[in-house]
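Protein chains in written order, with this note's numbering: chain A, 136 to 401; chain B, 6 to 295.
I should point out that these hints are in silico values taken from the structure, not numbers from a laboratory.
Model, not experiment: these values are computed from the prediction.
Even for Gly, the Cβ is constructed at its ideal location relative to N, Cα and C.
Fair warning: there could be bad hints in the mix.
Claimed, not checked - Partial selection, computed: residues in chain B whose CB lies under 8 Å from chain A: (1) 44; (2) 135; (3) 139; (4) 189; (5) 235; (6) 259.
To be verified - What the simulated footprint calls covered on chain A by chain B, stretch by stretch (three residues with Cβ under 8 Å from a Cβ of chain B suffice, anywhere in the stretch; the number is not a length): (7) 139 to 152; (8) 158 to 170; (9) 182 to 195; (10) 284 to 291; (11) 308 to 322; (12) 336 to 350; (13) 365 to 376.
So you can see what is in the structure, the chains are spelled out below.
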Amino acid sequence: MSRLLRNIYMGVIALILVAPLVVIAGISLNATKFLSFPPKGLSLRWYVEIFADSGWFSALQNSLFVATTSAALAVSIALPIAYCLWRYKILYARVLFSLGVTPFVLPPVIMALAFLLFFTTIEVHGLMINVIIAHGIFLVALPLITVSLGLESVQHEMIEAGQTLGADDITVFRTVTFPIVRPYVISGFAFAFVLSLNEYIIAFMTVGFTVETLPIKIFNALRYGYTPVMGSIAVVFLLVNVLVFGLIARFGDLPKLLGAWSAQDE
Amino acid sequence: MAASETASRPGGDRGPWLLPIFPTIMIGLFFVIPFVLIVAVSVAHQYPEGYYEPAFELTHFRRFLKSIFINTALFSVGVAALVASICLVLGFPFTYFITRLPRRAQVLWLVYILAQLSLSEVLIAFSWQVLLSKTAGVANILVWVGLLEKSVSFYPSFGAVLLALTYLVLPFSVLILYPALSRLEPEVTEAARTLGASPVRTFFTVVVPIMRPPIVATGITMFVFTLGAVLVPQVLGRPQHWTLSVLITDQAVFQSNMPFAAALAIFLLTLSMALVGLTIWINRRYEVKA
Numbered sequence: 136m137s138r139l140l141r142n143i144y145m146g147v148i149a150l151i152l153v154a155p156l157v158v159i160a161g162i163s164l165n166a167t168k169f170l171s172f173p174p175k176g177l178s179l180r181w182y183v184e185i186f187a188d189s190g191w192f193s194a195l196q197n198s199l200f201v202a203t204t205s206a207a208l209a210v211s212i213a214l215p216i217a218y219c220l221w222r223y224k225i226l227y228a229r230v231l232f233s234l235g236v237t238p239f240v241l242p243p244v245i246m247a248l249a250f251l252l253f254f255t256t257i258e259v260h261g262l263m264i265n266v267i268i269a270h271g272i273f274l275v276a277l278p279l280i281t282v283s284l285g286l287e288s289v290q291h292e293m294i295e296a297g298q299t300l301g302a303d304d305i306t307v308f309r310t311v312t313f314p315i316v317r318p319y320v321i322s323g324f325a326f327a328f329v330l331s332l333n334e335y336i337i338a339f340m341t342v343g344f345t346v347e348t349l350p351i352k353i354f355n356a357l358r359y360g361y362t363p364v365m366g367s368i369a370v371v372f373l374l375v376n377v378l379v380f381g382l383i384a385r386f387g388d389l390p391k392l393l394g395a396w397s398a399q400d401e
Numbered sequence: 006m007a008a009s010e011t012a013s014r015p016g017g018d019r020g021p022w023l024l025p026i027f028p029t030i031m032i033g034l035f036f037v038i039p040f041v042l043i044v045a046v047s048v049a050h051q052y053p054e055g056y057y058e059p060a061f062e063l064t065h066f067r068r069f070l071k072s073i074f075i076n077t078a079l080f081s082v083g084v085a086a087l088v089a090s091i092c093l094v095l096g097f098p099f100t101y102f103i104t105r106l107p108r109r110a111q112v113l114w115l116v117y118i119l120a121q122l123s124l125s126e127v128l129i130a131f132s133w134q135v136l137l138s139k140t141a142g143v144a145n146i147l148v149w150v151g152l153l154e155k156s157v158s159f160y161p162s163f164g165a166v167l168l169a170l171t172y173l174v175l176p177f178s179v180l181i182l183y184p185a186l187s188r189l190e191p192e193v194t195e196a197a198r199t200l201g202a203s204p205v206r207t208f209f210t211v212v213v214p215i216m217r218p219p220i221v222a223t224g225i226t227m228f229v230f231t232l233g234a235v236l237v238p239q240v241l242g243r244p245q246h247w248t249l250s251v252l253i254t255d256q257a258v259f260q261s262n263m264p265f266a267a268a269l270a271i272f273l274l275t276l277s278m279a280l281v282g283l284t285i286w287i288n289r290r291y292e293v294k295a
């Protein structure tokens, strides 16, 4: 009885979560140019359109480029902070850690405005590098948290053993520490990549009028006329998100990354 | 750092300070300075032509106290509180059930929740716009079932904003409740069951009370997260359903009134920081007790 109730409850929530996406998937399969659900005739032309239409395709390229570079930037900022905090436990690293996490915790519009003011003040307008830096700073929190989690599982005894054998800090990092935290570095990169790909407001306020990322282009299209391409992009994005997080779950310990006990602890 | 110490192990003791030099530069240049700029611009002088000059005046903060802007602030706070409560009520049992599933099933749920959580707010606003539309939305199903005479559009409306915001925030609440709930030992509920309590009773008299601190902390986090929504209120609501985030974007980009946008951002920032501080405090106390 209670199991039945539980399943019904979970089913209803799952339905609410999935419903809008099912409708969007339906729309993306329309054979006609109008948004209708259920779709009128089935076709994959709106998926082809993402690659065939130069506007959508260049937005896709922009988005992928920004997501890759800004995730790499976020990791390169996060790694030294997390390592320093773990290895030396100094206040300086703790302060950097807090500063690194803050942008992600605040309502994104605050960071968006901060970046807008900064880039207008230094008079560097609408370059792609602006949004890469902005996303990089905004998303530092993600690799920072995953890498710190990974470092926690490195035992200090192993480091000491390495040092006793005569290895310097760099060698120990390269041969002992980094191989252990590598999966966490990759997860952090992946989290940042996905969030950058989907981010709208910071991208809009830094480069909204010069560089079109996919979310920006979709929002503009929302105002100036719909096309089923928006549906097919939504589906592609959802699949990319599922793929990335699925890979993290497949090769890493997702529950642990999210702060739960890991499988080994049970 | 004393010279003698550095000499004892060449380069070794400077390591902790030299290592994060790149992060320090990046965070200093692109986070600390932009933040100081927000503060500086919030007291700058705005010319009617749309540019500003450094000054020290509180005009923009005073302007905020005018009724229409205060209404936006109150509306934001009200809607955020409402969305946070709905998400807790729906999300808490849901997350609890997920944590009781076999690990494999848990991971599948988490992957989906993360994927939806990361989905661009643009796409979520668009999906709900379609779902609530006259031509391709649920109204057509209601007509088909016979509940509606003819198809209507359910947006722009407060209900549409509320619905889409809840949809936006719900996966987030699951993710934040998940660690705390997954650490809840099964023995605790089993003990209650052995003593004869029904599952529902166990849930309300054992699980919920133990989880009170994470519930409160999650509620506050949801509140801050809802305050961050920029597109849903714009796309699915009328101007009176705008939140502070929308107002800030509008003032900065479309009204070219940076000082006023900055003043509004400082208000939003203070509110969010205070609430985030509160959740950190609650979590710390909870962890000490646990």
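Taking the earlier hints as the rules, which of them does this structure contradict?
1, 3, 4, 6, 9, 10, 11
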